[in-house]
Amino acid sequence: MLTALGSNAQVVTSSDVKASVAKILTENYKKISNGDVEVKVTGTPFATLQLPNGKIQYKIVSGGDKIVPRDIKRVDVYVNSAFIKTLNLPVQTNIYKEVLVANDFINREQTLTKDNVSVKKIDVSMKMDYILTEKSLEKEMSSKKAFQKGEVIDRRFVKMRPDVVRNGEVRIFFVSNDAVMVSVDGTAMDDGMCGDYIDVENKNYKKVYNGKVIGENKVMVNI
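Going by our numbering, the first residue of the sequence shown is number 1, and it counts up by one from there.
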């Protein structure tokens with residue numbers, strides 16, 4: 001809610017600021033996460049903010065493209081494209097995904113199947129790089145540790161065939177600003193599962209890059 005103060009000023013409430021910044025971050029995070037995103041600005045150092053009259057814009061200066069469960073975001077405030085001030089706002093982010101959990105106690109070295117694991121939607125913001133989805137059950141998997149009933153299946157403790165095999169052929173996708181610029185044939189320098197970062201070599205130029213495994217024999221390199 002904006003309240004006019006004469007002809008040259010307006011007041012923005014703390015709730016307005018929190019809602020606007022949370023909306024921007026939510027839209028940003030939806031581009032880099034396929035889960036349900038929930039962002040909450042947990043506080044502001046003011047109850048109301050007095051600004052010049054005009055169109056207000058918020059720009060996330062740091063952390064707007066990286067999901068961190070609890071973080072301080074630096075936000076610049078502009079009115080009619082003119083910089084006004086910087087805010088440092090505490091933000092809590094939750095990412096909900098459907099992941100594998102243990103149906104019952106699972107012994108070490110036990111095969112993971114639809115009989116002993118199930119799919120449950122939970123907040124994975126603290127462990128996004130280590131979850132397994134139902135699609136993982138298409139591969140032969142076994143546990144490297146014991147899992148308790150209801151425990152999330154952490155892929156660091158699961159043995160399965162890698163999505164990328166060392167010395168195997170891969171397709172390297174070079175990405176800039178979330179857009180694929182070019183893709184080339186390459187060779188994997190390491191084994192890797194989806195989400196892992198491994199070294200890959202461009203077959204044509206013999207140049208080595210570090211990229212993220214995004215699928216079977218597929219690696220994404222940010223440029």
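Watch out, some of these pointers could steer you wrong.
Pairs of lysine-lysine residues, derived as DSS-like cross-links and limited to a Cα-Cα distance of at most 25 Å, are as follows [as the list claims (entries may be wrong)]:
hint, residue 1, residue 2
1, Lys97, Lys55
2, Lys218, Lys31
3, Lys97, Lys31
The hints are simulated quantities; they were obtained by calculation from the structure and are not laboratory data.
Against the structure, the hints come out as follows:
no.: 1; hint: Lys97 with Lys55; in the structure: violated, 36 Å
no.: 2; hint: Lys218 with Lys31; in the structure: holds, 19 Å
no.: 3; hint: Lys97 with Lys31; in the structure: holds, 15 Å
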